[in-house]
Amino acid sequence: MIRALLLAIGQLSDPASRRVVWIGVLSAILAFALLAGAVWWALFHTALTGYAWVDGVLDVLGGLAVLLLAWVLFPATVGMVSSFFLDEVVQAVERRHYPQLPPPRQTGLGEELLTALRFFAIVLLVNLFALPLYLMVPGLNLLIFYTANGYLLGREYFEMVAIRRMGRKEAGFLRRSSPLKPFLAGAVIAFLSTIPFVNLLVPVIASAFMVHIYHSMTGSMTGLSRQEGL
1 MIRALLLAIG QLSDPASRRV VWIGVLSAIL AFALLAGAVW WALFHTALTG YAWVDGVLDV
61 LGGLAVLLLA WVLFPATVGM VSSFFLDEVV QAVERRHYPQ LPPPRQTGLG EELLTALRFF
121 AIVLLVNLFA LPLYLMVPGL NLLIFYTANG YLLGREYFEM VAIRRMGRKE AGFLRRSSPL
181 KPFLAGAVIA FLSTIPFVNL LVPVIASAFM VHIYHSMTGS MTGLSRQEGL
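If you count by the UniProt record's numbering, then the sequence shown holds residues 1 to 230, one letter each, in order.
In short, the hints are calculated from the structure, not lab data.
Watch out, some of these pointers could steer you wrong.
Calculated cross-link-like contacts (lysine to any residue; reagent style SDA-like; alpha-carbon spacing at most 20 Å) [to be verified]:
1) Lys-181 <-> Leu-34
2) Lys-169 <-> Leu-109
3) Lys-181 <-> Ala-16
4) Lys-181 <-> Thr-218
5) Lys-169 <-> Tyr-98
6) Lys-181 <-> Glu-170
7) Lys-169 <-> Pro-179
8) Lys-181 <-> Ala-171
9) Lys-181 <-> Met-166
10) Lys-169 <-> Lys-181
11) Lys-181 <-> Tyr-151
12) Lys-169 <-> Leu-117
13) Lys-169 <-> Leu-114
14) Lys-181 <-> Ile-163
15) Lys-181 <-> Leu-124
16) Lys-169 <-> Leu-113
Pair by pair, the computed Cβ-Cβ distance ranges are [claimed, not checked]:
17) Arg-168 <-> Gly-10: 28 to 34 Å
18) Ile-23 <-> Leu-101: 21 to 27 Å
19) Leu-64 <-> Trp-22: 27 to 33 Å
C-beta: ideal position from N, C-alpha, C; glycine also.
Hey, can you work out the whole structure from these sequences and the hints?
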């Protein structure tokens, strides 16, 4: 599994992977810049109470709330935008490490949209769930966080990769029949998601990582990969 993670990180050198990272980050920056501009304009051009000093305080608090919201939701937004392009990352990984595989099954626009929305919901949950952890009992908070989000992220990324090669039901059955690897991979992804700036790379790293996990479970690994002990 360590080798699989190192190969996934190394995939960032691939032009397709870098392209997905930049699309996700720049799209999220643009979206939040527009949102922040609209909110700031509305706050400073609206008299909420009629008292200048009260409205001034509310304007500042509203602006800070926008910045906090952007900080919390930024990785989730990057993940949602990137999810529309993660198939390019998966293709690049398989082209590089599993050239013997046949072409994957084609997925429709509806299935891709559903995957993107599911990714947004899961990544948003991870980021929101991380906020109150510091108020909980040390140790217990980490156990809860990595257990819950390791399962969620492991499930979503594994099935996203697997449904390219099999149906969603078959992908779910494969994951449930050997749940440990997807769960541990999900816990690693959850850990990376808590590291500022690194979490912006998580959609690409996690997708590449899970490709290796999936193929190690289906036996479609190359001889080289077998020797390297994924």
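(message) For Lys-181 and Ala-171, compute the direct alpha-carbon distance and say whether it is at most 20 Å.
(response) holds (14 Å)
(request) Below or equal to 20 Å on CA atoms is what counts here, so check Lys-169 against Leu-109. (result) holds (18 Å)
(message) Just to be careful, I want the Cα atoms of Lys-181 and Leu-34 compared with a cutoff of 20 Å; is the pair within it?
(response) violated (40 Å)
(message) Hinted pair, alpha-carbon criterion (20 Å max): Lys-169, Tyr-98. Please report holds or violated.
(response) Violated. Lys-169 to Tyr-98 sits at ~24 Å, over the 20 Å cutoff.
(request) Please test the hint of 21 to 27 Å on the beta carbon pair from Ile-23 and Leu-101. (result) holds (25 Å)
(request) Given the hint that Lys-169 pairs with Leu-113, test it: the Cα-Cα distance must not exceed 20 Å. (result) With a Cα-Cα distance of about 18 Å, the restraint between Lys-169 and Leu-113 holds, given a limit of 20 Å.
(request) Take the C-alpha atoms of Lys-181 and Tyr-151, compute the straight-line distance between them, and say whether it is at most 20 Å. (result) Answer holds: Lys-181 to Tyr-151 is near 10 Å, not above 20 Å.
(request) Starting from the range 28 to 34 Å, see whether the pair Arg-168 and Gly-10 falls in it by beta-carbon distance. (result) Holds, since Arg-168 and Gly-10 (Cβ atoms, about 29 Å apart) stay within the stated range.
(message) Checking one constraint from the list: CA of Lys-181 to CA of Thr-218, max 20 Å. Satisfied?
(response) Given that 20 Å is the threshold and the Cα spacing comes to 12 Å, the pair holds.
(request) For the pair supplied as a hint, Lys-169 and Pro-179, confirm whether the alpha-carbon distance does not exceed 20 Å. (result) With a Cα-Cα distance of about 15 Å, the restraint between Lys-169 and Pro-179 holds, given a limit of 20 Å.
(message) Given the hinted pair Lys-181 and Glu-170, is their Cα-Cα distance within 20 Å?
(response) Given that 20 Å is the threshold and the Cα spacing comes to 17 Å, the pair holds.
(request) With a cut-off of 20 Å on the C-alpha distance, tell me whether Lys-169 and Lys-181 pass. (result) Holds. Lys-169 to Lys-181 sits at ~18 Å (cutoff 20 Å).
Comparing the model with each earlier hint shows violations of hints 1, 3, 5 and 15; every other hint is respected.
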